[in-house]
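Participant: Given the structure of chain A, go ahead and fit chains B, C, D, E, F and G onto it with the hints provided.
Residue numbers (my numbering), protein chains in the order written: chain A, 1 to 263; chain B, 1 to 499; chain C, 1 to 527; chain D, 1 to 163; chain E, 1 to 81; chain F, 1 to 123; chain G, 1 to 107.
These are computed hints drawn from the structure, not numbers from a lab. No residue lacks a Cβ here, since even glycine has one placed at the ideal position from N, Cα and C. Do not take every clue at face value.
What follows is a set of in silico ranges between Cβ atoms, one per label pair, in the way DEER data are often shown [what the hints assert, rightly or not]: (1) Glu105/F to Glu154/D: 34 to 44 Å; (2) Arg26/C to His36/F: 49 to 59 Å; (3) Trp68/F to Asp221/A: 40 to 50 Å; (4) Trp23/G to Tyr20/A: 55 to 65 Å.
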Amino acid sequence: MLTKVFATIAVVITGGLLLYGVSDFPAFGDPHSPANAGVGNEESISQYFITQTYKDTKVPNIVTAVLADYRGYDTMFETVVIFAAGIAIFAILRVTGNEAEKKSIKPPLDSSINGDHQRIIVGTTCRIVIPVVQMFALYVVAHGHHSPGGGFQGGVILGASFILVAMSEDLNAALRRFSEKTYLTLACVGILIYAGFGLMCQFLERNFLDYGILQKVLFTDGPEMARSHSMLGVEVGVAFTVTAIMFAIYANLSSRGVLKNGL
Amino acid sequence: MQESVNSLLPVWACLCSLIAVPLIVIFRKEILLREMITFGAAFAKFGFVLAMVPILLDGKVITCSLIEGVSGLNVPILFRVDGLGMVFALVASSLWIVTSLYGVGYMRGLKEHSQTRFFAFFALSLCATLGVAFAGNLLTLYLFYEMLSLATWPLVTHHQDKEARTGGRTYLSYLLGTSIAFAIPALIFTFIKSGGDLSFAGPAILASTDMTAWSSVILLMAFAFGFSKAGMMPFHSWLPGAMVAPTPVSALLHAVAVVKVGVFCVIRVVTQVFDMTTLRQSLGALNVNEVLCWFASFTIIASSLIALTQDNLKRRLAFSTIGQLSYIILGAALLHDVAAQGAALHIAAHAVGKITLFMCAGAIFVATGKKYLSQMVGIGRRMPITMGAFFIGSMSVIGLPPTFGFVSKWHIFLGALSTGQFVFVIVLIASSILNIAYLLPPVWKAFFPSGPTEFDDEGIKEAPWTCVAPLVITSTLCIVLFFFPNELISLTKNLFASK
Amino acid sequence: MIDQIPAIIVLAPLFGAMIIGLFGIRDHRVCLPVVFISLLVSLGASVAAAQQVFNVGTINYFVGGWEKPLGIGIHLKIDALNSLVLVVIGVVVMLVSFFSIRRVGERDTEKTPYFYILYLLLCVGLFGITITSDAFNLFVLIEVSSLTSYALIAMGSNKRGTVAAFNYVIMGTVGASFYLLGVGYLYLKTGSLNMDGIHAILMLETNDANVGASKATTVAFIFILVGIWIKMAFFPLYGWLPNAYTYCPSTSSCILAPLMTKVSVYVMIRVMITVFGLDWVFVELGWSQLVVWLAVIAILAGSMLALAQREIKKMLCYLIVAEVGYMVGGAWLADPDHWGMTGALYHILADAMMTLCLFLFAGIVAKRLGAFEISDLQGLFKKMPITSIGLVIGALAMIGVPPTCGFFSKFYLIRGAIEGGHWEFVAALLISSLVNAVLFFRIFEIAYFGNKPAEGHDHSHDHSDDSIEEGKGSDSTVLGREASWSSLFPLLASAAIIILLGVFNGEVVALIRVTFENSNHLSGLFR
Amino acid sequence: MSEFIQTNVQPYFNFWIYVVLMMIGLWALIAKNNLIKKLIGMSIFQTAIILFYVSLGVKDGSTIPILDHHGPEHHETADAGHDDVHEKEHGKKAEPHHADDHVGPNPDTIANPLPHVLMLTAIVVGVSTLGVALAIGQMIFKEFGTLEENEILEQIKAGNVDD
Amino acid sequence: MIFAFDIIILIFLVVAAIISLSVKDLLSSAMIFGIYGFLICLLWAEMGAVDVAFTEAAVGAGVSAVFFIATIYNTRRRSSD
Amino acid sequence: MIITIISMALVVGGLVFFLGASTGLIRFPDFYTRMHAAGKGDTLSSLLVLLGFAVYQLKDFQSFSENWLVLLVIVKLLGISAFILLTSPTSTHALMDAGWEDEVEPEIQKGRENHLNDDYPKF
Amino acid sequence: MNFEFFATCAGVALLLMMLPAMWRLAVGPTALDRIVSVNIIGTKTAVLLVVIGVIYQRVEMFVDFALAYSLLNFMGSLAAARYLHKTKPGHGNMPAEEPVNESGLKP
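For reference, chain A alone in the conformation it holds in the complex (with noise of 0.2 Å):
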């Protein structure tokens, strides 16, 4: 009953602050607000991303052009966390030595299709929507530049094409194809992408994640267009490291790190 009344209290003192700040705000959707336009009579950050981006990287997708080259530092770091948060999950819940629980595990159902009306129906349903699925996932990864997309969401869609085998069959079947050793590796190698880009530029004498001097590796016309390819990379690299860990958190949340027969 305390945690209530101590509940209360909290929220009503963190409302009534956020109220008071709010009835500061600049009107929502003023496209003149100091977040938009900038205070005083310089231009502000956003105003300069959206007049130069395509100049600077050829990039039509301001967003992505942000995300992976202006604040790729940032964005470096959020494939950290998720790889991260996958290392974590296998650290908690894998509690080893207790070989007895491991024994304790019985055989799995039969697998066999003509067992039960679900894994038929579903089962042929999702063997002829995965393989779209995932041609889909690779297609939003390569398209991140010009429509909405890009390195997280293609490596999620990978993953939940991962999760959707895992679901029809059965987590075997899903580790069969995507054992442990492959998506851990697969994991480590998509930051060192990340990584190895920025490294690639401190050897040619500029600063961390500098993309612009990549021309004379990538062989193109312009540092935009090393900055546009650059960009695609790193993409490539954090959707390998999101896939995996996607479906790495999967496994080990439905099968509470023993990895036999989860949900």
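Facilitator: Below, chains B, C, D, E, F and G without anything else, positioned relative to chain A:
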């Protein structure tokens, strides 16, 4: 301002006992070698101190800074040996030789356990004592003061039994507690008030600042109570509590090192930190320094009265020490040159006298296992040398002519007279009379027992020579110093930094 | 190569983690050398950075080369304020990696690579937080470091550890989200994410309304502050810390306890100085009296609760809460020439070392003697003398005995408090050092007196002769029970650093004072 | 009627809702007894913050921050009818000068991309924290056999949890 | 920014949040949380934030709903409050 | 002009079917009937609306060569509708089957008995 | 009467017709009813996305997103169905006793 000579001697004096500590630990197996190291360190230390005396005598001051501008408050860890410091160092190092001889005898006599740890911490506390003696600024003083209270804790709780635990607890809670509660804020306040200069070299630290009467009283009393090793009345009960320690500890530390450090710090504060004008500001009835005088005199009278009632010999000596310490503080607080000189001399006199008394108590304990005065009636017949030394020691503490105590008390008496505060003169006389009351009767009963005593039969004889020899040395020292006091007197000239 | 330092500091542990991810999981022998190499590189880079900052000046590093309009790219800055924190993190991380050699190996070898990956990612997070000068990037790095710390706490086999980890997750997320909200409010009013950019706009007196004086900025400051207070377990919001650091594996507590709270204090100071500017915080807001009172309550509560504990690690955790009270109180003293702030910054360095020393001791004792309660430490001085040296030095530093750094940090804090006129803070500091004294001497007593029967030990004349050989005997068997060298080395190293930091605090404080001399945003009032 | 909504409801409605959602999340986070419900509250709390950030960058009558793929030469996207009201009031703001000759698209017609970038990170961080918290929840269930806060605290108090 | 959609979806959002928290059965609250995620992604799309909408749909609603169901599978489905 | 009218008609048709599905959802007594209404109505209405918009895209379609992009959009729109056509019934079936195995009791009119069991054995 | 206005009205109509689903969501006696309404709202939002695309006149941007969206919705309801399929006995909404998940782990 005396011009200063830069020499490494004070550092060597401190270091030699510090080096002794690891050596003692390394050679803990060979008992004899370990004792040789303790003696060697003692002699080396005394040699270094003696080497500094000629430089001091022709008016120069020795400075040597250990770590330059280290403590960020651009106050270096600095050694600065002046008259007062030299007197105290001389007393401490000379008596250390005597006590280490006594300690070896005592330990072997009672076959004490873990003696290595005992001697190691013994040497460490000596190094801290000399550190305080040579401290050049308030921060170094405080640094070694803390080191000393920590180094002596294992010594006090040497027996590792119940009483040792409670004794140790009171010992530390008083010393550490008061130093954190009063000394640190006082130190920081002086540091801020004086604009970042804590050294004793120049004119008094707070000379230039305008201190109101009340803030200076509070600061003075904070320092007085902060350095609670001086045993001022409200914070004195750690001293009787520490009597649970073995006798060489109470002999050296509670007669010479620990208590004298407390008093030495108070004198440093009174003479170096405040200047005369601030101390003479009047706040209503009393001036600033008279507040300290009143506290000191109250302590003298109260502790002497308590000493009268104590049957345990060591506790009686402990309360007498508290009385004598406040005697010294009173001498310093009278703000008169001669009285301050007397106070400095009394540090030496009381040290020599009191250490003799403690060693006698120890010898009696080793020989007969008796602790209480009521059991010592008629002991003089069996242990004449010890009781003879006891008699000379008590004369020195009381301040009768043939011993050095008379010289120092005479100076303080002269100072008190010339400042014109007759109240304190009366207090001084009363304290001497009380000293006689609680020291001479046991001697009288020891030599001329009225009835039959248990010491009639032959069984009891003197303690082993390693205990008795130091007694004799220190008692003769009392008398010798009476006849050749002028080196010490010349050392304690013009103590007050600013006139 | 020199001007690439900020990137190298963060990248070295990241690449280390990835290499362990790739090869460490197959065979565990790879883990240790990779961990040491990457941390060594980071430590060397941070020391080089500190040197360059104090010889040349602030290092500005623009990731991606976007420099023209400030705030486009992400801006990393190493100045006088954070170079020292960087070095301390490097040192602590190095020492704990030594400590972790034996600890992780024994129990379940399969988890060792995962532990080291999380350990290195935590280092990436901490280094990143210290050098970034971009508000949103700070949020992402706070998430990296707290995510890895959730895992490090929940990894243990202790049941209550998982519950504590869950509470820590909830509180940590709320804290980070409040910080994000604060940054959002700031972005709404200023339109920039770079700390210096925000500051420039906040200080801009536009004709219609000074952005700084507006309500939203005050609300932003409140939320950023509350968020960071939750991360550093400041008094009212410390519920999660004691259980989290007590019931987690000892290696994790040794890496988390010294660093997580201290880095959050650094973040608070960074936000106060760089983003809002001290005169805005102290003059326009004027809460310094309120916050100092909160700090006083934190100190007293922390100390009293520590007194009431029986378990060693829980007692140390409550001491951390009290120490955080020191630092926050010190930072908010608003005294004229910033001694309080200097004391707080110095205390970050000192307290990191002290907490590391004591938690290493708790770890060794827990592993070697299975001693979790204070009463289990019977006769420690005899059994494990070298470990108890570490305990003694750490404890003396906590109490504030001169040669150690604890004394000097209290010295500056008290000086700042006196000059700032906060007498209640002085009283709180003194009372808490007294309580610390009682705490640690209670342990010393048990450790010192343990092996002797407690009943009276009077010197009857016919002394039994067992005491002699017992006197000698006990010395020889002592080294048998001592901890292994890989655990002892970090303990003694941290104890040595505590003393060195104390003795040479002159140089350290001179370096810290550089931030307050030439910083332009300290207007005339505080000159 | 739509005029009334336009002037005083619309400017602040989004921000009020975000405060309401956040408070629901915070309340659930603290008051709910079941650990899974706490996590749902935590996620709602985080999505509310994302709502705040995205509604910062919204501009009336602006299109999505993806430039038309046939090059961004300066062409006015057909503004939706109902936003000309705003144009008149804010007419006074001078056309922001462009640093260089190339005239990019008019910033007022394209939504502010920066909050979108920030929120991509925040969503991903939210899911990672959720994943870790769920893993810890499962371990708690394995140790204590329940996910209810009060039952767990009773078991801890009952001390059947050793060490 | 389509104002009409905005109002309705926001109201739906608050309703979905409250239902999701008050339902006793964890499976339904997980599914309703999925719907909450999809509605919020609809809101982003309507506000012009297409990339955020895509991520929210994929990462926020789709995957976390499945994670919740996986956790409920391994623990208990009933919730006391 | 004709194309917009066709697309509007298709969209309105879709809306009508959706209205049917929603009322079915409210009015029907038990789980199975509601599922039946929802499953069917949903899929068809989505199809029609998507078709409507695909047709609308043809509005300014001149020649194959220069605005092939429009065709791409149409193909994708049809792709979505195909996907919905394929997956929506499957998920409806999966839910139905799960419900049936969970012994969710269908509403039986008084006097009639339930012989669903004999021709659709549970597993 | 241009097409955008028609599309907006169609969108609003779609949203309002979702109300019965929300009502079923709130009331729904058994968990399965709630999952039904979840299913409906899921497919409808996919369609709504395309409507928004039409309003913004950038349909090609919204199309891929709608497809991904319907995939995720399908995955969600499939997960729920699979969960119910795996934890067999007990009536639709509230299983009386512990569901025995056949991976044998004591729940």
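Participant: With reference to the structure, classify each hint as holding or not holding.
Facilitator: Hint check:
{"no.": "1", "hint": "Glu105/F to Glu154/D: 34 to 44 Å", "in the structure": "38 Å, holds"}
{"no.": "2", "hint": "Arg26/C to His36/F: 49 to 59 Å", "in the structure": "54 Å, holds"}
{"no.": "3", "hint": "Trp68/F to Asp221/A: 40 to 50 Å", "in the structure": "27 Å, violated"}
{"no.": "4", "hint": "Trp23/G to Tyr20/A: 55 to 65 Å", "in the structure": "36 Å, violated"}
In terms of the numbered hints stated before, the structure departs from hints 3 and 4, listed from lowest to highest.
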